[in-house]
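Can you build the whole structure from these sequences, using the hints too?
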Amino acid sequence: MATFFGEVVVAPSRAGLDEEEEAREETPEDREIRREIEKKRYRRRRLELREREIQVLWTCAEQPLVCSRFVVAIGRNAAAFLSSFILDSVCWEVVGAVKLWNEWCRTSSTTNVLPTDSFCLFYRLISDPTVLLCQCSCYVAEDQQFQWLEKVFGSMQKKDLQVTILSTCPVADYKTQESTLTLVSPFLKALKTKEFQEQVCCPLLEQPNIVRDLPAA
Amino acid sequence: GSAAPDFQGFTLLMPAVSVGNVGQLAIDLVISTLDMAKVGYFYTDCLVPMVGNNPYATAEENSVELSINAEVYSLPSKKLVVLQIRSPFIKNKYRPFCETLLSWVKSSKCARVVLLSSSHAYQRDDEQLLGTPLRYLLTPDLEKAVGGRMKELNWKEMEKVAAYPGINNTDKVLHIPGGGITKLLFTESCSEGIQMAVLLKFCSEGDNIPDAFVLVNYLNEWLQLIKSEVSTVSSKWKIPSSWRLLFGNGLPPALF
Numbered sequence: 030m031a032t033f034f035g036e037v038v039v040a041p042s043r044a045g046l047d048e049e050e051e052a053r054e055e056t057p058e059d060r061e062i063r064r065e066i067e068k069k070r071y072r073r074r075r076l077e078l079r080e081r082e083i084q085v086l087w088t089c090a091e092q093p094l095v096c097s098r099f100v101v102a103i104g105r106n107a108a109a110f111l112s113s114f115i116l117d118s119v120c121w122e123v124v125g126a127v128k129l130w131n132e133w134c135r136t137s138s139t140t141n142v143l144p145t146d147s148f149c150l151f152y153r154l155i156s157d158p159t160v161l162l163c164q165c166s167c168y169v170a171e172d173q174q175f176q177w178l179e180k181v182f183g184s185m186q187k188k189d190l191q192v193t194i195l196s197t198c199p200v201a202d203y204k205t206q207e208s209t210l211t212l213v214s215p216f217l218k219a220l221k222t223k224e225f226q227e228q229v230c231c232p233l234l235e236q237p238n239i240v241r242d243l244p245a246a
Numbered sequence: 697g698s699a700a701p702d703f704q705g706f707t708l709l710m711p712a713v714s715v716g717n718v719g720q721l722a723i724d725l726v727i728s729t730l731d732m733a734k735v736g737y738f739y740t741d742c743l744v745p746m747v748g749n750n751p752y753a754t755a756e757e758n759s760v761e762l763s764i765n766a767e768v769y770s771l772p773s774k775k776l777v778v779l780q781i782r783s784p785f786i787k788n789k790y791r792p793f794c795e796t797l798l799s800w801v802k803s804s805k806c807a808r809v810v811l812l813s814s815s816h817a818y819q820r821d822d823e824q825l826l827g828t829p830l831r832y833l834l835t836p837d838l839e840k841a842v843g844g845r846m847k848e849l850n851w852k853e854m855e856k857v858a859a860y861p862g863i864n865n866t867d868k869v870l871h872i873p874g875g876g877i878t879k880l881l882f883t884e885s886c887s888e889g890i891q892m893a894v895l896l897k898f899c900s901e902g903d904n905i906p907d908a909f910v911l912v913n914y915l916n917e918w919l920q921l922i923k924s925e926v927s928t929v930s931s932k933w934k935i936p937s938s939w940r941l942l943f944g945n946g947l948p949p950a951l952f
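Protein chains in written order, with this note's numbering: chain A, 30 to 246; chain B, 697 to 952.
Hints in this document: simulated from the structure, not taken from any laboratory.
Take the hints with a grain of salt, since some may be wrong.
[Claimed, not checked] Pairs of lysine-lysine residues, derived as DSBU-like cross-links and limited to a Cα-Cα distance of at most 30 Å, are as follows:
id	chain 1	residue 1	chain 2	residue 2
1	A	K204	B	K774
2	B	K734	A	K223
3	A	K69	B	K787
4	A	K204	B	K932
5	A	K223	B	K774
6	B	K734	A	K180
7	B	K934	A	K218
8	B	K734	A	K187
9	B	K856	A	K180
10	A	K221	B	K840
11	B	K734	A	K204
12	B	K775	A	K223
13	B	K840	B	K856
14	A	K221	B	K856
Owing to the predicted nature of the structure, the values given are computational and were not obtained by experimental measurement.
Written out as structure tokens, the structure reads:
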């Protein structure tokens with residue numbers, strides 16, 4: 030969709046429905062053909078689902094992991110932030126990885142990664158093993174986000190759990206009255222649940238801005 | 697938290713994610729104007745995740761409540777419960793969503809469902825190009841109850857189209873291009889005995905705010921959610937703060 034000024038923006042929320050799947054009046058022959066096609070589609074879909082399944086692999090023996098603080102860095106920038114300022118091999122140990130595949134990337138279960146790889150690793154603070162970090166530099170596709178959520182949080186024993194999510198968005202996506210050209214960037218914005226009572230270190234994200242994908246999930 | 701609210705006998709108003717997002721925009725106007733309270737949400741893997749701050753905020757104090765992709769609002773004084781959907785369906789997930797939704801409708805004992813939707817304007821036939829772009833559909837159970845009212849209002853029922861145009865013009869089917877889950881929800885409701893009305897507008901993608909106003913006024917002719925004086929009705933709907941900046945940010949001064 031083009032805006033008044035010619036910039037192309039993603040037109041959100043079109044009717045995302047495969048209308049070829051609408052049922053029409055059909056003969057017995059049509060029904061037979063449809064059944065065979067559906068069987069094939071079903072087999073293809075099962076294969077597809079298996080390929081798109083996420084695996085969460087933990088290297089530590091204690092399951093489920095007890096967690097009181099969980100910091101999740103989503104995207105390359107946020108993952109690099111953790112690598113540069115927080116993680117080191119003295120205080121932190123790798124305790125898990127997510128193995129997944131989608132059209133954009135494939136991660137593996139190896140923990141020896143380069144910054145340019147796609148990976149999703151979990152670390153634990155050695156001095157306080159209830160503090161967990163996750164560096165997720167790979168893209169988790171829309172149909173995998175809920176799975177990621179359920180499988181990762183499902184393997185934790187939550188103890189007054191506080192979750193912090195770090196991610197980045199392009200400044201060009203930020204909706205504001207002024208032009209983003211004159212905006213001083215980078216800048217921080219936050220969203221918080223009402224249960225989070227502590228002081229937030231930056232202003233809250235104003236409407237009409239939203240967050241999507243894995244950070245939103 | 698507290699006990700689940702009771703929706704017995706309520707009207708459930710909801711949008712289909714459809715061309716121009718007209719149903720969803722119209723629902724935004726209803727929630728914003730009637731100042732409806734949020735009472736719950738759908739925790740679902742069928743919609744693309746999104747989150748933001750309160751889209752109906754009117755002041756600093758009420759602007760910091762989180763809002764997600766499928767939320768439920770209610771106004772007991774009008775026996776109205778509203779579901780707002782804010783993101784598209786994930787591939788292959790629209791059927792499970794429809795099944796879950798209809799089973800929730802039955803378990804919550806809503807009296808009837810009103811679905812706001814839209815359909816591609818470019819797919820209209822010669823007759824549909826003339827006259828009103830608004831249409832309605834009623835399931836057989838609701839037809840018995842309110843069919844007469846639709847006739848009084850002089851509303852037009854959505855026409856069926858030929859199943860095999862050009863070959864055979866006698867077999868007619870319901871066809872709602874661009875309507876998202878509208879047809880599926882409607883046909884399922886017909887077969888499950890759910891009282892459902894569909895109100896839709898023919899439109900195209902673009903600035904769909906005027907379409908939303910037309911659709912919500914159409915709804916109001918029937919449900920009388922707000923008082924309607926003929927000439928000033930459009931100004932009575934309150935535009936939510938989240939509609940700001942729908943078409944991009946301000947201009948960079950350096951452009952000139």
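Hint-by-hint comparison with the structure:
no., hint, verdict
1, A:K204 / B:K774, "violated (35 Å)"
2, B:K734 / A:K223, "holds (14 Å)"
3, A:K69 / B:K787, "holds (18 Å)"
4, A:K204 / B:K932, "holds (27 Å)"
5, A:K223 / B:K774, "holds (29 Å)"
6, B:K734 / A:K180, "holds (29 Å)"
7, B:K934 / A:K218, "holds (28 Å)"
8, B:K734 / A:K187, "holds (27 Å)"
9, B:K856 / A:K180, "violated (46 Å)"
10, A:K221 / B:K840, "violated (48 Å)"
11, B:K734 / A:K204, "holds (25 Å)"
12, B:K775 / A:K223, "holds (28 Å)"
13, B:K840 / B:K856, "holds (20 Å)"
14, A:K221 / B:K856, "violated (48 Å)"
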